[in-house]
Amino acid sequence: MRFLRIAGEGVNSLTTNKLRTFFMMAGTIVGIAALTVIMAIGKGTEQKVMKRVENFGPRSMMLIAGGGRALPPPDTSITTLTLADAQAIRDQVPGLEIVTPQAWAFDVNLKYEAKQTQTVVWGVEPDWHEAWKWYVSKGEEITDEDVATMSRTCVIGSSVKRDLFGDKDPIGESIYINKVSLTVKGILEHRGGAGGAGGDFDNRIIVPITTAMRRVMNVDHVGAIRIITEDTSLMKQQTEQIETLIRERHHITPALEDDFRVISPLIIADMARGASRTLSFLLMALAALSLLVGGVVLMNILLISVAERTKEIGLRRAVGATRGDIFSQFLIESLSVTILGTLLGSVLGGAISLAIGKLTPMPAIISWEPFALAIVFALLVGTFFGVQPARRAAKLHPVEALR
Amino acid sequence: MIQLESIEKTYLTGDVLTRVLKGISFEINPGEYVAIMGASGTGKSTLMNILGCLDKPTEGHYHLDGVDMVNLDDDGLSDLRNHKIGFVFQQFHLLQRTTSLKNVLLPLIYTDDYPENAEELGENALDMVGLSDRVDFRPNQLSGGQQQRVAIARALITNPTIILADEPTGNLDSRSGAEVMAIFQRLHRDGRTIIMVTHDRDTAEHADRVIVLDDGQVAKDEIISQPRDAEAELAALAPTEEEAL
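Line by line, the protein sequences give chains A and B.
Okay, so the first sequence: first residue is 18 according to my numbering, each after it adds one.
Okay, so the second sequence: first residue is 10 according to my numbering, each after it adds one.
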């Protein structure tokens, strides 16, 4: 085929001028490598974000006592968040499925017979189970009656069960926090893994919130309120409503710092994105810049090469090349350069992504999408910066060119 | 068959009109070996460009094998050059870093009926100019005379109606020049039509017919009854070092 033969001429001219070809490719290689790394980090980060949000609960918000920007450990010295706040939210913010307050105490010493362990105590209402999608694997959950009667019962996490009871069945046994005895009525499902705050999720016990506040901690405040929305599209608006409501109830004027904060999946996602977002912006700038600069360099080298190869073009025209043939050859040269540059850039970017995934905490996932995108970019850059030189070459008059 | 009919060419340089060709008419029959002569500035190159279908006349008609090239568009002229004309230039115009064979095959890239046995044809063409042992050499590995012979092989590859040579010996020493002239005479004996443009009377007299241009017009159109014999001239030249050894 004539077109293939002409394409062959284009490729040939690249292989006989390797150094020139390399300079034509350099910008594309760097640009596409940066693009590949951005995509890999972006994809890795999004997966991390999804996982964090999934763990947190995509429909969940946490109203936590204590201000500031960072995640827990929560500030237990803040005593302003109360059960009444939870009730006010229930009454005044529409579209919420669950509003469940929880009291918490950290580093609590737990005793069973001669054994001891350090754990976290959460005082909860029955819908805590639903709100965290965390149920018992054995025994019974916390009930309304437990809360109403301030019953001396508890449900223990699987790590607590292991540490205090070993293989023994803990249901019905009594454990002690200081001098308060609690009867074990259930074991929480094993959750495993580390939470946002780190540490062992299963090293905790839950007790009725009334029991926790009155008998165990002797406080009037709660540590947090977990809120589940009916509709995630309302979440942003509901977050604002809750903030306004609590500020009002806590008499916080605009000049003062909040004594609480509302954590939503949006914030979780933001935190999970963290550094990789900054890096992505930098790389995006690098990619754009190198593709642009690379494209301009490519165009200039092509223009110079058109000027240098005037005689060659004239000869080709003399022996029968049409303007279209000359145009095709030069455009193919430009496209071949960018496509080859893209292949090399993708390989380089893939290698860098792997290294980043291994050597830094940033996640990077290699996939075919950046490659497909890169090829599209290559064709765009190759065409955009190749057309002008190709047109100039095609316009040369054979008589002038042969002079 | 070539028919030129009142060919005129006028250039506009700035505001000045320059009439380079002022009505040129002649015919060249198949198998003729014609030299077009003239001092520089007589319109010889311009006529050569028109004969080669690289440029169109301002006025007149040029029929090549019955086709009036004046009516063709740029693509049509490209096609005509590809099929009907084999060029040999003063500066050879070979692609550097490209083998003799690839250079010879270049015109075939632009033909729509690419022959199956292209490489064989290329090798035959190189054989015809005595370079069958230089198939894979690049221009920088060849002498000037050898490069010009590669260019002649290239001109032959599409089996054109005419071979159009522009000062083919202009850049060659006398021996290489005589070799090229000998090849042309051999091609002529084989029935090829050759048109050679030159400013040199001695070179021109290798042809059977000399058309002399002066001031854009045909000043003389003469038959050379006794063309110079390039083979004999070659034999009379001192042997090369290579041959002497």
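Source of the hints: derived by calculation from the structure; they are not laboratory data.
Some clues are possibly wrong.
Claimed, not checked - Simulated pairs of lysine-lysine, DSBU-like, Cα-Cα distance not exceeding 35 Å:
1) A/K328 / B/K111
2) A/K35 / B/K111
3) B/K65 / A/K412
4) A/K328 / A/K150
5) B/K31 / A/K185
6) A/K128 / A/K150
7) A/K132 / A/K155
8) A/K328 / B/K65
9) A/K412 / B/K31
Claimed, not checked - Far from chain B, some chain A residues (derived; all Cβ distances over 10 Å):
10) I23
11) E26
12) T96
13) L332
Owing to the predicted nature of the structure, the values given are computational and were not obtained by experimental measurement.
Yeah, the Cβ is synthetic: ideal placement off N, Cα and C, and Gly gets one too.
Hints and how they fare:
no. : hint            : in the structure
1   : A/K328 / B/K111 : holds, 17 Å
2   : A/K35 / B/K111  : holds, 19 Å
3   : B/K65 / A/K412  : holds, 16 Å
4   : A/K328 / A/K150 : violated, 77 Å
5   : B/K31 / A/K185  : violated, 119 Å
6   : A/K128 / A/K150 : holds, 28 Å
7   : A/K132 / A/K155 : holds, 22 Å
8   : A/K328 / B/K65  : holds, 20 Å
9   : A/K412 / B/K31  : holds, 28 Å
10  : I23             : violated, 6 Å
11  : E26             : violated, 6 Å
12  : T96             : holds, 85 Å
13  : L332            : violated, 4 Å
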